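> Please arrange chain B on chain A, whose structure you already have, making use of the hints.
There are 2 protein chains.
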Amino acid sequence: MGKTMDEQERHKRKAQKQKEKVDANVARAQIEKGVMIVVTGNGKGKSTSGFGTVARCVGHGYKAAVVQFIKGKWDCGERSLLEQHDVPFAVMGTGFTWNTQDRAGDIAAAESVWEQAKKFLADPQYHLVLLDELTYMLGYDYLDKQEVLDAIKNRPENQSVVVTGRGAVRELRELADTVSEVKEEKHAFKAGIKARKGVDW
Amino acid sequence: MGKTMDEQERHKRKAQKQKEKVDANVARAQIEKGVMIVVTGNGKGKSTSGFGTVARCVGHGYKAAVVQFIKGKWDCGERSLLEQHDVPFAVMGTGFTWNTQDRAGDIAAAESVWEQAKKFLADPQYHLVLLDELTYMLGYDYLDKQEVLDAIKNRPENQSVVVTGRGAVRELRELADTVSEVKEEKHAFKAGIKARKGVDW
Chain A
1 MGKTMDEQER HKRKAQKQKE KVDANVARAQ IEKGVMIVVT GNGKGKSTSG FGTVARCVGH
61 GYKAAVVQFI KGKWDCGERS LLEQHDVPFA VMGTGFTWNT QDRAGDIAAA ESVWEQAKKF
121 LADPQYHLVL LDELTYMLGY DYLDKQEVLD AIKNRPENQS VVVTGRGAVR ELRELADTVS
181 EVKEEKHAFK AGIKARKGVD W
Chain B
1 MGKTMDEQER HKRKAQKQKE KVDANVARAQ IEKGVMIVVT GNGKGKSTSG FGTVARCVGH
61 GYKAAVVQFI KGKWDCGERS LLEQHDVPFA VMGTGFTWNT QDRAGDIAAA ESVWEQAKKF
121 LADPQYHLVL LDELTYMLGY DYLDKQEVLD AIKNRPENQS VVVTGRGAVR ELRELADTVS
181 EVKEEKHAFK AGIKARKGVD W
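If you read the protein sequences in the order shown, they are chains A and B.
FYI, in UniProt numbering the residues of the first sequence are 1 to 201.
FYI, in UniProt numbering the residues of the second sequence are 1 to 201.
In short, the hints are calculated from the structure, not lab data.
Just so we're clear, the structure is a prediction, and the values are computed from it rather than from any experiment.
It is possible that part of the hints are untrue.
Where chains are identical, the list cannot tell them apart; a pair therefore holds if satisfied intra-copy or between any two copies.
[To be verified] With a cut-off of at most 27 angstroms between alpha-carbon atoms, the simulated DSSO-like pairs for lysine-lysine come out as follows:
#: 1; residue 1: 14; residue 2: 118
#: 2; residue 1: 145; residue 2: 33
#: 3; residue 1: 145; residue 2: 183
#: 4; residue 1: 118; residue 2: 145
#: 5; residue 1: 33; residue 2: 21
If we strip away everything but chain A, and leave its shape as in the complex, we get (with noise of 0.2 angstroms):
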């Protein structure tokens, strides 16, 4: 008994502590603007955690609209989920770009959805913009870095932005205020497992 009181006195200290240190923090974060997030690195989980914030986005009642880079030909719970919430989703037609082959298309596909993407950027209607696997079109040189950048950067005060995909390149780590990198410790997919409807698509 008298262990057990002695326990919880610690653990009541040691909670006491922690309340104290996160309500500091609290305290100190009074800034009310819009963020940008890249979530990025070779783990599983970059595109389901920008999805799973337009989800709570629009449980709040706000907009928020996605551009799918290259995933777009791929038949997606989310989307099917999300559009009947009113997000618009714009959508790179050509799917991943090791399938095509083909640079030129590429280029051409990524500038056509781009022009959507700037729109959803300039507009203050949209609380939130995911732009879902933008990284590998920086990577890949397919849009123009500083063009990219330029619109995230004067993009409406309240707005926040999502970026997803491996390798995020300097400039958009430094650009953003929250920088998530996903390893991977482990993967189902190698272990020989399949990719699952509902799970991974």
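Just chain B now, with coordinates in the frame of chain A:
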């Protein structure tokens, strides 16, 4: 012109090689079963990744269930959205544990929501079960580790599970098919930017 053609040719060869690699991996991955995914680490995007996967699942017309450890008291946008699509939520009502400073109360709350989690994990009608922030329950010894591992291990064969939260214990990582470690490279909060409705919660 010649240079441009060379560039096209180089791109085509590179893309062809990449395609062969991807195709070979796809051909190898033939096991069809539900997977267990752990999204851990100190960076932003773990819970949103879990909820994005739920949105994807529901978008395909499958059933999914959510168990929220810790974040229960928040007014979450993702919950409002997903409940509209008949996703049941089991929520631990105590909020962040450092706010309560009551270990015995936290344990009781954890055990109560775990009872609901076990029901989802035994029910083959659920294609996906999200155990959001479960990692802390094992890290703090709020739940019996072996019981949790067994329930996940013995779930229906076609059911997938996503576990999120910092500091996933070794046994969770070992049991998982896919493990992603989300590293914080930068966080808006630490630069004084307030957590944003529709983005951070």
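> If a hint holds in the structure, say so; if it does not, say that too.
For each hint, the structure was consulted:
1. 14 <-> 118: The answer is neither: 48 angstroms in one copy and 30 angstroms across copies each exceed 27 angstroms.
2. 145 <-> 33: Answer is within; shortest intra-copy Cα gap is 24 angstroms, inter-copy 41 angstroms.
3. 145 <-> 183: both (25 angstroms within a copy, 25 angstroms between copies)
4. 118 <-> 145: within (13 angstroms within a copy, 49 angstroms between copies)
5. 33 <-> 21: Within. Shortest intra-copy distance 23 angstroms satisfies the 27 angstroms Cα cut-off; inter-copy 43 angstroms does not.
Hint compliance for this structure: hint 1 alone is broken.
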